[in-house]
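Enquirer: Take the two lone chains and join them into the complex the hints point to.
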Amino acid sequence: MQPTTLPAPPRTPPAGGTLVVQVRNLTKQYGKRLAVNNLNLDVYQGDIFGFLGPNGAGKTTTIRMLLGLIAPTSGTVQVLGHDITTHGKTMLPRVGALVETPALYLYMTGHDNLRAVGEALGGVSEARIQTVLGMVGLAARQKDRVRTYSLGMKQRLGVAMALLNDPAMLVLDEPANGLDPAGIVEMRELLRALAKEGKTIFISSHVLGEVQQLCTRVAILNLGQLVTEARPEELTQGNGQFIVFVEGAPAALALIQAQPWGRAAQLDANGALLTAAPDGRGRTLNKFLVDGGFVPDSIIYQSESLEQAFLRLTQGGAR
Amino acid sequence: MNATLTTGASVPQPGFIGLVRSELFKLSRQRPIIVLAIVIPIVQILYGLRTIIFLANLPQELVDRGSAVTVYLTTRVGLSDIRGLLGVFITIVAVIVVGLEYQQGTIRVLLARGVGRLRLLGAKVTAIALVGLAGFVAMLLIMYLAMFISFALIHRSGDFSQIPAYYLGDVTLDGLLVLLNMFVTLMLGVLLGVVGRNLALGLSIGLPFFIAESIVSTILRVVSLISRNDVWTHIGTFLPGANLSQLASKLVPDHGLQAFIAGLSINLPNDMIDGQHALTVVIVYGIAFTALAGYLTWQRDVLQ
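As they're listed, the protein sequences go chains X and E.
With numbering that gives the first Met the number 0, letter number 78 in the first sequence gets 77, and the count goes up by one each step, no holes.
With numbering that gives the first Met the number 0, letter number 228 in the second sequence gets 227, and the count goes up by one each step, no holes.
For the record, the hints were derived by calculation from the structure and aren't laboratory data.
Ranges between beta-carbon positions, derived for each pair:
#, chain 1, residue 1, chain 2, residue 2, range
1, X, 307, E, 129, 55 to 63 Å
2, E, 252, X, 72, 54 to 62 Å
3, X, 126, E, 140, 34 to 42 Å
4, X, 29, E, 143, 52 to 60 Å
5, E, 234, X, 100, 41 to 49 Å
6, E, 253, X, 72, 53 to 61 Å
7, E, 136, X, 143, 33 to 41 Å
Pulled from the structure, derived: some chain E residues nowhere near chain X, Cβ distances all over 12 Å:
#, residue
8, 36
9, 53
10, 80
11, 136
12, 170
13, 171
14, 197
15, 215
16, 216
17, 219
18, 229
19, 283
20, 284
Note that beta-carbon positions come from the ideal geometry of N, C-alpha and C, so glycine has one too.
Bound-form chain E, shown alone (with noise of 0.2 Å):
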């Protein structure tokens, strides 16, 4: 007569914590990673040069008089800086992590060893958030290090007695948005490497996606005037670029902000987006991009 063997109490079980940290150990061996850890916060800190040389240039008159709501300004700008930052970078690395795995097969190193599919793409999320929120706030660090060597040490002055009392609210709304939009792009690049299975592929869409979404608005805008019929205008707002590139303009107070930065804002103010509308449509791709990539991860035979 034979037996079955029945066994499975001895070998520790894969856990969400180890593939985490496996992630991250991956991640950190990363060379694009590691280049791309250097190169952005090096184009922040020339943005913040470019905050010193603004602030530099301005009357000592009117930064002893105002700094405090010049603050808040810069501060507004620097968050718009570091959204389009962060999404370059938190898109390269959400394809790097998701589509390389697929392509040099790896995935199936782990998958057959008993490692749940959407546990995985949980970890991996994870892990991409969590060195997207390590980029964040080094990119904060940058930023009011920027502003202090203007203020602080260029003018030697500024009274920031006077920080308008929004500034909190509006500021940590805004870095809120940032991060929204940090996380639907990073869905978009993990989505786009399920979807590949190819780094190559991930990037060659991911990379150029907004650019090509903007071009998309515009032919959709052409073809409105051409056809005499807003329908196309209309369809072109429900785009998840036109809505990201919206958010903060519509969901936190301007204070100014508008005036400030008028003639240098590539983000023009949609007026057939509101800021209901803005959040709602990328809150509904946040989840879409989810729920595919989850999906996918689910249920396709990993050939790989």
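Chain X on its own, in the form it takes in the complex (with noise of 0.2 Å):
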């Protein structure tokens, strides 16, 4: 099977924008099987952009072509305004990342681990390794060996590897995996703060509540393409309906279809109303309804959640 070129599914660049991952037509083929096919992507400065896609959807695949760590079948990928098959070498120490599950050496403590890797990646000095460790929470365990760690210790660490020679952009698979409720919270508050710096963040989760709260962009992937490119609010934004409590909702939803804005309402099966709004507003809706004699209980603006948005746009995380 051939890759197939797809029409780019439509983007809103944040305007005045700084590209700092520009990723075009990009395909991973195993044999037949097409992981990445064809796939575009836009990731500007201070972003926190979510990586979002069923398993198997090519997330980690995308991730590995982005750190260099395979070789795309075809197309391109710019890191920091350079392509990172010939440059990477010099662009790729100015991304931190965290691929998959934190590769660590377990016979090492958590201190050691960030200072065999500072060694290597040009000399860290003590002071920054101590930074990161508080940073993400581990300087008092930062002298036990990383095989005592439970799982969201080392996903900590390998947060703080990543961030260790202070790189202007992250690349982190799953950083909450693991995590405990307020480690979530600490995590979100430090990523926050390094966007706020003006790093990029790269996520992928599938803690979609997470990324919800915490992302400013965000892409679908779904068998290796691309759905969908778009801010979160866009997508959770729904069609513009409202659900209505009221007391004579069949009366007050025939009163409505006499409109031309309200001929597709109807109840749902709690006998809520389902309705468009006049001008798309729930406060003309309100006043139209109580001027027809309703009024209204509550009036609620139908949107989405990101899960939800995410299980249609994927046909329920199909693969």
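Expert: So this is what it looks like as structure tokens:
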């Protein structure tokens, strides 16, 4: 099977945004299987970019190509303005990465892990090691062997390793994996603080609630293809419908359906009224119902969660 | 309009020396390596005790008359011991350094940060070689210490003024051949680590490799006898272990060594292998192991 060219999904780049990652027509083929199919992505400076998709969608393959760990079958990846294939050695030291499960030297202490990687990266000061250990909350356990760490602690150490030489961009694969609720909140705050410093953060995650809270932009991948790339609020904004709880709902429905904007209105299984508003605004709908003799108990704008949008866009996470 | 961020000047770049230091640091924290660094000298000390006992049992008269020659011969035997021990040591170290890195996935931490694959492999080989050299020096010291104890302390005599003129040349050549042996064994271990990307696989092939090879050699000889065709035996002369074991005996002058160790040596002379052949085959294997390890490291996707 040959890669096919798909129309690029609509994008909404931030005005004047500085491009940090540019992926063009990226394809990876293993035998007859297309792991990544003609992928196009743009990530801008300061973005917290969520990279979502069901298992086997091609997320990790894409991340590995982004980091030069595997070679694309075709297409290009530019990081910080340079092609990763030809300029990986100069550009990748500016990228901190945590790919899949954190890869750590289990026989060494947390501190020595950072020291070993720091030496290899051209030298990192003891002060910097202590700073990143403090950032991820591992300062107190730095002298313990990593073998004795919990999954969450290993995850934190992986993030510390990624932060070691103060990279311009972070690529994190499931950073919240194994963290307890407090740890997830701390990680979220840490990533937000890093983004505020101007760092670009590229996150692959299955924790959609977390992504919705954290990410400024989101791309959804399914079966190796980009389904959409948008801001989370664009994906969750719904279709302009309101849920209205009101006494005499069938009569209110008849009134609404007589209006040009309300012909598609209906009652749901719970007896709530599902309808559009005269000008798309809840207050106008409220006034219309009150003027018609129906005082709503509540009017709720019907939005989707990111999870609902994800399932809709990936056909339930089809693989 | 969107701009593209181009940057990259202020972050330190991964350098070769830093990579070697990192590898040495990791080695210094590896328990198996630390255990080996203790066990191997202990075995070497046992070899030294054997030397002491052997020399202590020599008649005093013989020691007084020919201690200088005995020093030469004992040195050659000691270098042969070191060759074997160093080979085992370096194979284990090489497989651990390369295979474990892939197995635990830590290789991607460095590669994803722009460390060149061949540069990283080169740093690993350099670090292993440095550890091997340190081991070689330590073993030499133990060997000479054992000889000193035998001659100077037990026999309280020995005329070393008559050290044979060929001593330095022969021992230097033999020592270099030990290092060549170490390099080929090192690259075999590295290759196994790169191919298998797994510690257990590398060790399970690497450690019994030369034993398996000698079994193959024997089988080839049997096939040769049955088929009455020497070609099978000739194939055996191109195996790496067969040539590594013959290097010293074929390239360093004998000067009475075979007579000295008669009945003790397990490296029986192989008349089908001459020095030139052994050296050529060993160098070809060294280059082939290096090239293959480099090519696979360079070309294969890192999926660990």
